[in-house]
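Given the sequences, and given the hints that come with them, work out the whole structure.
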Amino acid sequence: MPSLLFYLFALITLGFGLMVVLARNPVTSALSLAMSFVGLAALFISLDAFFIGTIQILVYAGAVMVLFLFIIMLLDIKAESDRKTNVAAIVGAIVLGSVLAVQIATVSAVHHQSDLTLNEAALNLVAAGNQMAATDKDLPTISKDLKAGILPDTKLMGLALFKQYGFHLQVMGLLLMVGTVGVVVLSKRDKEVAQ
Amino acid sequence: MITLSHYLIVSGILFALGLAGVVARRNIIIIYMCLEMMLSAANLTLVAFSRFHVLAGLPDYSAQALVFFTITVAAAEVAVGLAIIVALYRSKQSVEVESVTKLQG
Amino acid sequence: MTPPAQDTTASLPTLLLMLPFLTALTILLGHKLLKGASVVLSIASAAICFVISLMLLDARDSAPMLLPFIEIGKFRIGLDAMIDQQSRGMMFIVTSIGLLVHLFSLGYMKEDEGKVRFFGSLSLFMFSMTGIVLAGNLFMMFIFWELVGLSSYLLIGHWFEKPSAAEACKKAFLTNRIGDFGFMIGILMLFMANHGDVSFSGLKGGFAEGPLHEMTQTHTLFMTLAALGIFMGAVGKSAQFPLHVWLPDAMEGPTPVSALIHAATMVAAGVFMLVRCSFVIEASPDAATIIAWIGGLTALMAALMATQQNDIKRVLAYSTLSQLGYMVMAVGLLAIQVSVNHHEAGPGHPAMFHLYTHAFFKAMLFLGSGAIIYACHHEQDIWKMGGLMKHMPVTFVTFAIGTASLMGVPFITSGFWSKESILGVGFEACRPLFWIGVATAMLTAFYMTRMFVITFLGKPRTESAHHAIEAPIIMVLPLVVLAALTVLSTFESFNRLLAAMIPNHAEDHPTVMIASIAALIIGSSVGFLLYRGKNSDPLNIKLFANKFYFDEIYAVIVKVLQDQLAWIVNGLERMFVDGIVARLPAFIAMRIGSAARILTGGHLQAYTFLLGAGVLMVIYLVVFVLPQLGH
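Residue numbers (the numbering used here), protein chains in the order written: chain A, 975 to 1169; chain B, 2 to 106; chain C, 544 to 1174.
Everything labelled a hint here was simulated from the structure, so no lab data went into it.
In silico DMTMM-like links for lysine to aspartate or glutamate, alpha-carbon gap of 25 Å or less:
hint : chain 1 : residue 1 : chain 2 : residue 2
1    : A       : 1052      : B       : 99
2    : A       : 1052      : B       : 97
3    : C       : 658       : C       : 710
4    : B       : 93        : A       : 1050
5    : C       : 1102      : C       : 723
6    : C       : 1085      : C       : 924
7    : A       : 1162      : B       : 97
8    : C       : 1002      : C       : 854
9    : A       : 1118      : B       : 61
Right, here's the structure in full:
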């Protein structure tokens, strides 16, 4: 059953991904991308990455795609017309894409480690909980959850982010701020140019 | 049974799709979307590796932290990029890459 | 004497090398700011160098690395000094004469507009000469060899407004280039033969037992050519036949420069280098014979030319040529002797001994002639002087000492001993060259007496000579010091202090002694009788006066060759340079360019495609190709 779901969501991801590339209408592309991201989020969740899956939907499929759609609507972009089709670019794209796909498939088929199944790489939550209870006494909730056989994904994510990558997180915050300022600067209409 | 290579192949195809889109499409907004797709393909790889690399009974959360950062950067990038597109549209009345010819020799 | 400095770590040699360099750099870069201070700076640096070389005199033999330069695997080039008997002694000569010439220039160049530039170039010269003397390997020596050529070029052409000076410096530079080219080829041959090690110690080891030792047995011609290549460098720098033509013309430079560079130090660098590389020459007797004969030929020819010169500096220049020929002959002769008798040469070398005595008295003679020229308002023709004995007593005395040393007055002058040791080697190794040496000695006595008599004795022939007065103290002082050094170098106790140049005394041959004394007596008495009280030259030998027409012959050779060569080269140029080298690449470049223009047409998608293709290539290479190559 899980394998069936995997194929379903992989198909959704790749199929709508293809739609993004092929669709003439930008609105279609944007909506397909949103669907593709939803499929991707499902794949994340199938990998026990609940937090990442959630923010994939919230940030990407939600915020970012809305931004895209908003811009497309705002600028009122029309579908591309047929006559402008660039054959060389399309041929190049197909060749490039297929060669890359074949390369990646070969690499992952050749490596023996890639034959690992989810069952073989099983999580041992109880053992992890015991270990964590022994080492990190300050975090009783995580070890309690783990001992009960539940994966407290978000809590563990937070632990990793704030304990191991605290500095990086702050840099990220700075980056977002710079981005915000940049957007404001870029969108400000230059009065002299406008006149 | 689903193995690691299944995820990797899905991610690879998604990346190839994105690359093909960047090369083939002329609409800058769609090129942007394809870039996002390529980033997400990389994220899928990271998450898959995180899950299959079991550390003390848990997934490797370092990889997921990296994915978190990637998503953050991508969001910031989209915001700035779209602002640039809007500025571009204002001066050229177009979002086709052919309209941006200032750098052509 | 300064307290003995027993440690020869790299610090002293480095200081010795860097001080003049920094001085030259400071002066040449900041001469507008420094003005008069740069003169003081230059002299101070020369003085400190002299003190350091005094301190080094007591140092132990060592080979400190000054600056690692290139290091690729086993291949190593560095600036490493070689402090031994030879370099310590040479260093003393260079710095002492250098300091005295600096002082002399202070007076001589007082009113010159380019004084600052002059002192800057002088410091540059001191730097490069120090480099040659300290050099521990042939690469380093070659670098400084070229630098010396450059600074000599700058100094000869100091009065570049004068066309003759501009011509002379060009001539000196170009003639030296020919020699340097041979030197470079010689170095590269040794480099190849000794597997990339051209340090002197490495080469010496290689000749004793190593790749070079085998080469001398199996590839005799190769080693002879290598030795001759090295010798070419000395031919250029020490102005041996057939590249001697530049040295007389180099007298266009200021007289202190002639004294320092073209009499005492730079021209002697060729001899110094040959002695350093004597093991190369000893390994091939053919090369040694050629070297000895070229030296002898130069000595005799230059002495003949000197007899008919009227310019006081030119007489001295030809005399220098002749004495350099002597030294080169000594190098060749000793090498013949060593390779024939298979015995190790002693620590000293007759050529170095003569170099060392000659350096002092020839520098003194040049400075003396500079004082005379200065006193006679830049008059250089000896026939317009005369009777200077009364007007310039100090110069007269010092000049007399110098002349006596150069002629080799027996027992009381250093020149006699050094000349005698060369003749002694010649007597043992090669009889014809010995007689050439004696003939040269006779001629030397003749032309020096001639010049001395014309200049100092008799009556003043012109107004300027009549009103000549002794030069200022700053110019006389170096003369006196040099005279003292010349006299001192006669005594063995002083020489032992230097412990550098003294050859192990060969057993005296009575023939040698008698022949050299006879040569002196005949030469000087003929000269004295012929020229006493004369107002014009009783002899008139066009061939000698015109320097055997060498310049003319060279001019014809160059002209003929140039015309023919130019014709051929022109044809070749049209075919190869214009056709294959210029047009074809231009065509290809144009085609590639227009192809590349498509790629870089500002098409975003084309860029992306290329980027993607590049990534695919990298993946292909890293993932699929490299593992098969065993990485």
